[in-house]
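Q: Each chain, letter by letter, is given below.
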Amino acid sequence: MSFDEYHRREFRQVGRRVPRPDGVDKVTGRALYGADMTAPGMLWGAILRSPHAHARIRSIDVSEALKLDGVKAIVTGADFGEVEDESIRDIRDNCMARDKVLYDGHAVAALAASDPRVARKALKLIRVEYEVLPHVTELEDAMKPDAPVVQEGRVQETVPPGMSANVTSYCEFGHGDLEAGFAAADHIVEREFRTAATHQGYIEPHACLAAVTADGKADLWCCTQGQYMVRSVCAAIMGMEASQLRVTASEIGGGFGGKTTVFIEPVALMLSKKAGRPVKIVMSREEVFRATGPTVHSRSRIRIGMTRDGRITAAEARLYYSGGAFPCGTVEMGAQAAFACYDLQAVRSQGWNVLTNRPKEAAYRAPGAPVAIYAVESVVDELCQHFGLDPLEVRLKNAARKGTKSSYGPTFPDIGLVATLEAAKAHPHYAAPLGPNQGRGISCGFWFNFGGNTCVTLNINPDGTVSVTEGNPDIGGSRASISLMAAEELGIPYDRVRTIVADTASLGYNDVTDGSRVTFAVGLATIKAARAAIRVMCERAARIWGIDPEAVEWKDGAAVPAGPNAGKFPPMTLAEIAANSFRTGGPIAGHHEVNADGAGVSFGVHICDVEVDPETGATRVLRYTVFQDAGKAVHPDYVEGQMQGGAAQGIGWALNEEYIYGADGRLQNPGFLDYRVPVASDLPPIEPVILEIPNPGHPYGVRGVGETGIVPPLAAVSNAVSRATGVRMTELPLSPPRVLAAIRRSRATDGA
Amino acid sequence: MVKVLLWGSLRQATGGRTEIELDARTFKELLDRAVEAYPGLEPQIRRGVSVAINGVIYREAWFQPIPPDAEVVLMPYMTGG
Numbered sequence: 091m092s093f094d095e096y097h098r099r100e101f102r103q104v105g106r107r108v109p110r111p112d113g114v115d116k117v118t119g120r121a122l123y124g125a126d127m128t129a130p131g132m133l134w135g136a137i138l139r140s141p142h143a144h145a146r147i148r149s150i151d152v153s154e155a156l157k158l159d160g161v162k163a164i165v166t167g168a169d170f171g172e173v174e175d176e177s178i179r180d181i182r183d184n185c186m187a188r189d190k191v192l193y194d195g196h197a198v199a200a201l202a203a204s205d206p207r208v209a210r211k212a213l214k215l216i217r218v219e220y221e222v223l224p225h226v227t228e229l230e231d232a233m234k235p236d237a238p239v240v241q242e243g244r245v246q247e248t249v250p251p252g253m254s255a256n257v258t259s260y261c262e263f264g265h266g267d268l269e270a271g272f273a274a275a276d277h278i279v280e281r282e283f284r285t286a287a288t289h290q291g292y293i294e295p296h297a298c299l300a301a302v303t304a305d306g307k308a309d310l311w312c313c314t315q316g317q318y319m320v321r322s323v324c325a326a327i328m329g330m331e332a333s334q335l336r337v338t339a340s341e342i343g344g345g346f347g348g349k350t351t352v353f354i355e356p357v358a359l360m361l362s363k364k365a366g367r368p369v370k371i372v373m374s375r376e377e378v379f380r381a382t383g384p385t386v387h388s389r390s391r392i393r394i395g396m397t398r399d400g401r402i403t404a405a406e407a408r409l410y411y412s413g414g415a416f417p418c419g420t421v422e423m424g425a426q427a428a429f430a431c432y433d434l435q436a437v438r439s440q441g442w443n444v445l446t447n448r449p450k451e452a453a454y455r456a457p458g459a460p461v462a463i464y465a466v467e468s469v470v471d472e473l474c475q476h477f478g479l480d481p482l483e484v485r486l487k488n489a490a491r492k493g494t495k496s497s498y499g500p501t502f503p504d505i506g507l508v509a510t511l512e513a514a515k516a517h518p519h520y521a522a523p524l525g526p527n528q529g530r531g532i533s534c535g536f537w538f539n540f541g542g543n544t545c546v547t548l549n550i551n552p553d554g555t556v557s558v559t560e561g562n563p564d565i566g567g568s569r570a571s572i573s574l575m576a577a578e579e580l581g582i583p584y585d586r587v588r589t590i591v592a593d594t595a596s597l598g599y600n601d602v603t604d605g606s607r608v609t610f611a612v613g614l615a616t617i618k619a620a621r622a623a624i625r626v627m628c629e630r631a632a633r634i635w636g637i638d639p640e641a642v643e644w645k646d647g648a649a650v651p652a653g654p655n656a657g658k659f660p661p662m663t664l665a666e667i668a669a670n671s672f673r674t675g676g677p678i679a680g681h682h683e684v685n686a687d688g689a690g691v692s693f694g695v696h697i698c699d700v701e702v703d704p705e706t707g708a709t710r711v712l713r714y715t716v717f718q719d720a721g722k723a724v725h726p727d728y729v730e731g732q733m734q735g736g737a738a739q740g741i742g743w744a745l746n747e748e749y750i751y752g753a754d755g756r757l758q759n760p761g762f763l764d765y766r767v768p769v770a771s772d773l774p775p776i777e778p779v780i781l782e783i784p785n786p787g788h789p790y791g792v793r794g795v796g797e798t799g800i801v802p803p804l805a806a807v808s809n810a811v812s813r814a815t816g817v818r819m820t821e822l823p824l825s826p827p828r829v830l831a832a833i834r835r836s837r838a839t840d841g842a
Numbered sequence: 088m089v090k091v092l093l094w095g096s097l098r099q100a101t102g103g104r105t106e107i108e109l110d111a112r113t114f115k116e117l118l119d120r121a122v123e124a125y126p127g128l129e130p131q132i133r134r135g136v137s138v139a140i141n142g143v144i145y146r147e148a149w150f151q152p153i154p155p156d157a158e159v160v161l162m163p164y165m166t167g168g
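Residue numbers (this note's numbering), protein chains in the order written: chain A, 91 to 842; chain B, 88 to 168.
Note that these hints are calculated values from the structure, not bench results.
It is possible that some hints are incorrect.
[Unchecked claim] Here chain A is said to cover these stretches of chain B; the calculated rule only asks that three of the stretch's residues, wherever they fall, bring their Cβ under 8 Å from a Cβ of chain A:
| # | region |
| --- | --- |
| 1 | 89-96 |
| 2 | 111-125 |
| 3 | 141-154 |
Cβ atoms here follow ideal geometry from the backbone N, Cα and C, with glycine treated the same way.
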């Protein structure tokens with residue numbers, strides 16, 4: 091069995107709002123982020139990027155750049171060898187173009203120089219001869235039969251014949267008789283929706299420091315969501331053995347999925363290999379926007395039928411996603427998630443991925459789900475308006491629950507959607523009055539969550555403290571949560587435990603910090619590692635007492651005799667056993683390695699109030715409440731932070747954020763001045779309401795919480811704006827010009 | 088024999104069926120038998136699949152037992168952010 095079952099228990103440590111272990115380092119500036127790493131003799135790397143959206147590279151002349159004093163090495167795509175695995179080949183080609191550049195900002199060459207100024211000057215001396223090719227940056231254009239083909243030969247066998255060569259995959263999910271379902275409906279709404287690509291918007295740009303030695307060993311320091319992923323990918327691209335590459339993850343200034351792949355690390359390694367000196371690369375914000383992963387941009391068509399009393403009879407989604415210039419499977423996740431919140435007898439979702447001349451998509455919190463559920467929840471809201479029904483009541487009537495056959499296939503076990511909806515219905519926010527030009531939107535959200543490969547070592551120190559070593563960068567409070575779970579299991583105070591994140595040479599393989607997996611999977615492994623250490627400590631106590639190890643149990647942080655024949659001995663605490671460990675057999679530790687399954691799915695419900703200025707189209711969010719099932723909130727502050735952060739990012743996605751491409755195929759807004767993320771003054775306090783419906787697949791009932799929070803805001807905001815303006819909105823972002831145009835179109839139609 | 092529910096777009100590899108029967112006691116046997124019986128499924132299985140057994144999703148657990156009469160659903164390989 092790869093996971094433990096949940097057993098109800100009273101917690102002493104888990105659930106407390108203890109001080110965060112990284113807090114002092116971060117507020118004093120002591121924490122080391124990717125760009126803080128330096129090394130003696132270090133060179134500065136810089137990358138030359140394509141000014142064209144699509145072009146063949148005819149030649150690259152680096153001779154003048156090499157002559158510049160201070161330039162120590164230059165690499166191009168020709169320096170990188172063959173890679174067998176297709177997905178890693180795509181990453182390699184995204185890090186450094188080979189024959190063609192596929193988007194504005196695609197890397198074509200890189201150099202290492204003695205200082206950043208020389209590096210920037212030298213970049214201007216590299217001569218690249220391009221044959222500019224027709225480009226296509228919009229999904230709908232890319233699907234046309236005569237569209238420029240972004241990459242040849244990438245169409246999967248799943249794609250029906252007759253489609254553009256840019257359509258690389260097709261998927262379909264669902265069950266039941268759609269036509270019978272629609273025939274049973276009293277009303278059907280069919281709408282088309284569009285969403286813009288958005289960036290994860292992490293504050294810290296990508297940064298790394300690579301040091302390759304003459305005998306082929308290498309060290310790499312970088313900001314990443316997964317140092318083991320970096321090692322695997324870079325070793326494959328560099329033709330190295332994984333054991334010869336040690337990767338250390340820095341503190342991370344946000345990732346949200348965008349740091350689950352590599353962009354500059356193989357380039358820095360290759361430059362260091364050629365120069366024989368450490369090389370550091372730090373991306374500018376413009377580079378982050380132009381060349382790292384935004385999420386997909388999408389078009390979707392949703393059709394839902396409902397009876398007049400609010401029962402959904404049939405639901406259908408056609409989803410078209412573009413993840414940029416390389417194939418991606420995000421639409422599969424969107425198509426599965428689209429109707430996951432509902433108990434449906436007839437449902438079908440179809441998805442197509444389309445190549446465009448844009449950067450390679452990277453994961454972004456619950457990848458694929460927000461844009462699909464935005465469209466579905468918008469149509470459900472419109473149906474509620476049509477029948478004059480309460481949108482929460484309708485969702486309760488149709489909510490997925492234990493025993494529901496999900497829209498993507500499996501039957502749900504215990505899930506928390508109904509409890510979450512009932513909490514929203516009972517909350518004062520839902521009954522609060524609204525003023526003129528104000529509207530209230532609600533939306534459900536869903537994410538799968540998963541576990542994955544995980545290693546944890548837990549050392550009992552001789553002074554009775556505990557060191558936990560885990561291998562996942564802490565992007566959302568995992569060190570505190572892991573320490574809490576170790577303390578809980580061992581029965582000791584939280585402040586006796588310190589959790590650190592290991593480099594790749596110090597611990598076995600760990601999957602990336604993604605999929606809301608860490609508190610679930612690393613927590614599970616920590617609990618198992620603690621239990622392993624407890625077994626050893628009970629054995630040591632038994633030997634000291636001269637009784638059978640089976641006659642000892644662990645209680646409240648101490649070994650105690652168990653059973654009538656065990657004898658009478660006072661409890662022997664963890665600290666006492668640790669103090670004697672050298673004399674009783676040596677250091678004590680527990681460890682656990684697992685590919686964890688049993689992560690429970692997670693649901694959320696958001697309520698959003700907005701006010702729309704009818705003269706300008708500007709939207710202000712007045713009040714926002716998030717309800718989410720956490721299974722068990724190990725550290726409620728962090729859980730609330732995840733819920734609030736997901737909501738804030740989703741509000742930005744709904745209202746402002748978008749990648750804007752010009753007719754020349756170049757990104758028009760690669761900076762935070764023109765790509766507008768919400769800041770504190772844009773947002774009201776976001777109230778989080780945590781629900782705890784235990785996950786039966788985790789010993790403490792934990793579910794992941796990191797991703798679900800970004801799913802509902804798109805529709806919650808759009809539904810609120812639609813109700814405030816009286817116009818159904820169907821395209822994100824809801825920027826003021828777009829909202830104003832919709833209002834004016836509606837007025838013109840009404841007046842006609 | 089276990090009944091395995093496929094997602095809809097795989098039906099082109101199974102003669103139009105979205106539910107197939109396989110003699111499999113584990114995740115690994117399920118994948119092996121599926122490719123033997125329906126070679127057209129191999130490209131997708133090579134790209135990656137998950138299997139839901141009685142509602143619990145497994146991503147790579149080759150030796151995960153499949154109980155008799157279990158609900159078994161083949162799914163794309165799960166990825167997250």
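Q: Are the hints correct? Go through all of them and say.
A: A quick look at each hint next to the structure:
1. Counting residues of the region 89-96 of chain B whose beta carbon lies closer than 8 Å to any beta carbon of chain A gives 4, which reaches the threshold of three, so the coverage claim holds.
2. Here the region 111-125 of chain B counts 0 residues with a CB under 8 Å from a CB of chain A, which misses the bar of 3, and the coverage is violated.
3. Chain A is given as covering the region 141-154 of chain B, and this holds because 9 residues of the stretch bring a CB closer than 8 Å to a CB of that chain, at least three being needed.
Checked against the numbered hints above, the structure violates only hint 2.
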